[in-house]
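Engineer: Fit chain L to the known structure of chain P by using the hints.
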Amino acid sequence: MMVFERRLLTRDRGAGLLEKLWLVPWSFVLLLCAIAAVGYVALYSAGGGTPEPYASKHALRFGFSLVMMLSIAMIDIRLIARFSWVGYALGVALLVLVALHGQVGKGAQRWIELGPIQLQPSELMKILLVLALAQWFHRASWERVGNLLFLVPPTLAVLLPVGLILKQPNLGTGLITAMVGGAVFWAAGVRWWKFAFILASAAGIAPIAYERLHDYQRARIQTFLDPESDPLGAGYNIIQSKIALGSGGLWGKGFLQGTQGHLNFLPEKQTDFIFTMISEEFGLVGALGTLLLLALVVFFALAVALRTRHQYGRLVAVGLGVNFFLYIFVNIAMVTGSIPVGGVPLPLISHGGSAMLTTMLGFGLLLSVYVHRDAEFGAARE
Amino acid sequence: MSKRDEERRRSVFTRRALLLGAGQLGLLGFLGYRLQKLTLEEGERYATLAEENRVSTRLIAPPRGRIFDRAQRIIAANALNWRALLVAEQAEDIHATLETFSHILPLSDQERARIERDIRRRRRFVPVVVRDFLTWEEMARIEVNAPDLPGISVDVGTTRDYPWAEHLAHVVGYVAPPSETDMDDEPLLALPGIRVGRSGVERFHDRALRGRAGALELEVNALGRVIRELDRREGVRGHDVQISIDAELQKAVRDRIQEGTSVVVLDARNGEVLAMASQPSFDPNLFNSGISAAQWREWTRSRATPLINKCTNGLYAPGSTFKMVVGLAALEAKSVTPTERIFCPGYYDLGDSRFHCWRKGGHGNLDMRNALKHSCDVYFYEAAKRTGIDRIAAMAKRFGLGVDLDIELPGTKAGFVPTREWRVRQGKPWNLGDTVVHGIGQGFYQLTPLSLATMAARLATGRAVQPHLTHALDGKAARGVKAEDWPSLGIPERDLKLVREGMWAVVNEENGTARVARLPGNLGVLAGKTGTTQVRRVSREQRERGFRVENMPREWRPHALFVAFAPFDNPQYAVSVVVEHGTSGAGAAAPLARDIMTDVLTRFRAPAMAAAPGSARSAEAARPPVLAEAPPPPAPETPRR
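Protein chains in written order, with my numbering: chain P, 1 to 382; chain L, 1 to 641.
Extracted from the complex, chain P is given alone in its bound form (with noise of 0.2 Å):
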């Protein structure tokens, strides 16, 4: 079985490196370009109005992960398909490295550093799972996804790195990392009912799991709530927030004019609220101009599903755009007050070296599924 694999690989190798270049979607990397520039302009102005400490860096580590998404765009996604299980190994082994000697970050363990970069094993961990996930729903038909018993490992699968994370503890990634495999499921076909009685349960087992929140997750909660009650303790961050956001109205203040974000009653304006920097300074206009620029790259990945003819690249790609998604909408609804402070960066866009770094391997994986979207898988092994 192996070798009749193998031949397969070597036989697709036809299509060149020049080839492949060619296919890659080029308008999509300049969507990508405009998305790290507008992180640019804003990490520019979180700096003081000047390149350094941010915007330079941003720079320099959006160009170095874009060649490593243009590598990854041109490694065969069968071969990515064959070391998926591998990967999710070796993110699983991450996570538990972590948990044993990582670094210590807001009550939480959640990076090891690995070299000059920190790594946060559960931002990998969610890319890893998609793959896992599509490989195991890969050659299922209809009526196989229907069998429940089939459902077990992949469920399993899921629940592994979800405990995990949780355990760290970091309750905003726990929940995205099980609603992007959950996304797997669903576009795989797990039938309707089940998504409903998962719910359900989910619903008759919160106020337990409520219970066993740590108090500062509790806090955030109760803080999302009403965040008025605390204004300068856990509510400080959302109510500065939205006095940021607010506060740029129709046009906004004015680049590097942002007085909230200058002045540093943002806090951590450069990573998880540089998008109330950018609505300060720019207002709604260029808040929804820089949430249109995002969601195109959602919908890219949509189309990039819908386009591809094996159901692992399909998969991936819905994934992939899921997890994507789910980042920003965190994010936003986050700032904006809409949900409970959660700690999420917005990608391409806040500062920080591993979160960029994960992003682009997701569109690196992306990309390859895009160049290889015709490629012949092998016969179904039933």
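Read the hints as simulated data drawn from the structure, not as lab findings. Here the structure is a predicted model, which is why all the values come from computation and not from measurement. The C-beta atom is built at its ideal place from N, Cα and C for all residues, glycine as well. Be a bit skeptical, because a hint or two may be false.
[Said to hold, decoys possible] Capping the alpha-carbon separation at 30 Å, the derived lysine-lysine pairs in DSSO-like fashion look like this:
| hint | chain 1 | residue 1 | chain 2 | residue 2 |
| --- | --- | --- | --- | --- |
| 1 | L | Lys428 | L | Lys397 |
| 2 | L | Lys482 | L | Lys413 |
| 3 | P | Lys20 | L | Lys397 |
| 4 | L | Lys3 | P | Lys194 |
[As the list claims (entries may be wrong)] Over 12 Å on every C-beta distance to chain L, these chain P residues come out as not near it, computed from the model:
| hint | residue |
| --- | --- |
| 5 | Ser56 |
| 6 | Ala196 |
| 7 | Ala200 |
| 8 | Val298 |
Structural biologist: Below, chain L alone, put in the same frame as chain P:
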């Protein structure tokens, strides 16, 4: 997998992917709606909040207005005050900073409690005074240790300086940091080192003296650190107040008197207070740095009551100084005619009671002029009995006795003159005997030296002059400078003349009761009236044993009073003197009044002393100018002739 299966799987995928896309679109739409709501619908509110975040308005304390005396001598000025301030938000640990500070300059527990209370009460960026009145050496020690004192800074503020110290304390009052209740009405009062008038003129004119705070609009960051200045509006300095007191005269008067004595000198023509002295006094400068609890206890518990201005808050029976009022009431009621004589056998019988005249043998037949001259008690017993207490009380009120005189000294007592109605309200009858006793100024009367001086001024001028202290406010002359500003008392000149002549005779005629009060040289003629009021009743037994006041303990001896005006033919100045336990008006009070009036006439003697008001001021214009900001220390009195 069959082709059909693949098709099925793909169509399910497509459907579900599109549903997912629709869901994502919906959620993105929700974000768009949220953004729109925040920026457009609530944008203005948030813009305001952002501005409030950004802009911090701080007040600039205006310099407090100064107080001058009538000759432009400075009475209350602002002096520099080096102080250590603590800005709570700049200190990492307030307690640690204070601890370090107390190693450099010891802080008492009391001080520390005050500092911590101030910090709690104010916003964290408002500086709080840690220590006032630093010397150069202390300042240097703080500056050297600055790195160990985060949040501490040294700056210069102003403080109040009273160069005349205890001489004018009762009039000028003092300032102190505002209390909690003061704080509510004005944000200015939250500034460090700000002080408000607590008594006297400082309190009465506090609003005018305070000025208007300037404002500094600062852009601050989230920590409250100042980024830049946006706008600056300078405050308006407090108005200067010029009071009618002559500080030199005041000092001269105070140097003459002893504990328990109070003296009021008025310009009889317009009611201006030229001197108001009460012994003992206190040093208002001590309030600047906050007086110690021990000092405060000493002042408030002392029987000599140094904090109380006896001129306005000391209450005394007027004694014989009241006889002019009884006489005028009797004349107005026509119960006595000017020439009618009443026989004084030395006592006065009413029913079973016998009232004595001060002179054992009696005065014989006396008309009103001579009754005043000899201060005959029997005459006024009879006059009072004929006139009735209510008419006497009404006349007293016209002379400013027992009424609120509205002087610019908060907390001043109005005094009290009894009426029949008042006694009945108390559930007691008013007996004719009461009227008789009240005819000689004894009984329920409670009058202040200020009101007695006012009475003297009104007797002298026939006008309802009110005593007042404000000469000019912000350079504009105050009310009632001209005699014509004051309404007439409506008492016939004939009656007034008779009474004045009686007062003249007291001092200037052979056998007058206060011959001692004659003015020396050619200064003019003084007219006055003595009063001696018993503190304890003298029993018949004592009287028969021939008691001598000299043998009584001091606090049982009678008070000595004297009221006077001068010059007789052109009255300009009125004076009242009350010497507590001075034994006799003629012995203790009259000589003082004479000396003081001599001083006044000497001081204010002007080329054309004609009735023109303001002449006193023109006289002072000839004096060498006094530097407003650097007053010379009070010099010993030097005769000017």
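Engineer: Decide, hint by hint, whether the structure agrees.
Structural biologist: Right, here's what the structure says about each hint:
1. L:Lys428 x L:Lys397: holds (23 Å)
2. L:Lys482 x L:Lys413: Cα-Cα ~26 Å, so holds.
3. P:Lys20 x L:Lys397: violated (115 Å)
4. L:Lys3 x P:Lys194: holds (27 Å)
5. Ser56: holds (24 Å)
6. Ala196: holds (14 Å)
7. Ala200: Non-interface label on P:Ala200 holds, nearest chain L Cβ at 19 Å vs cutoff 12 Å.
8. Val298: violated (6 Å)
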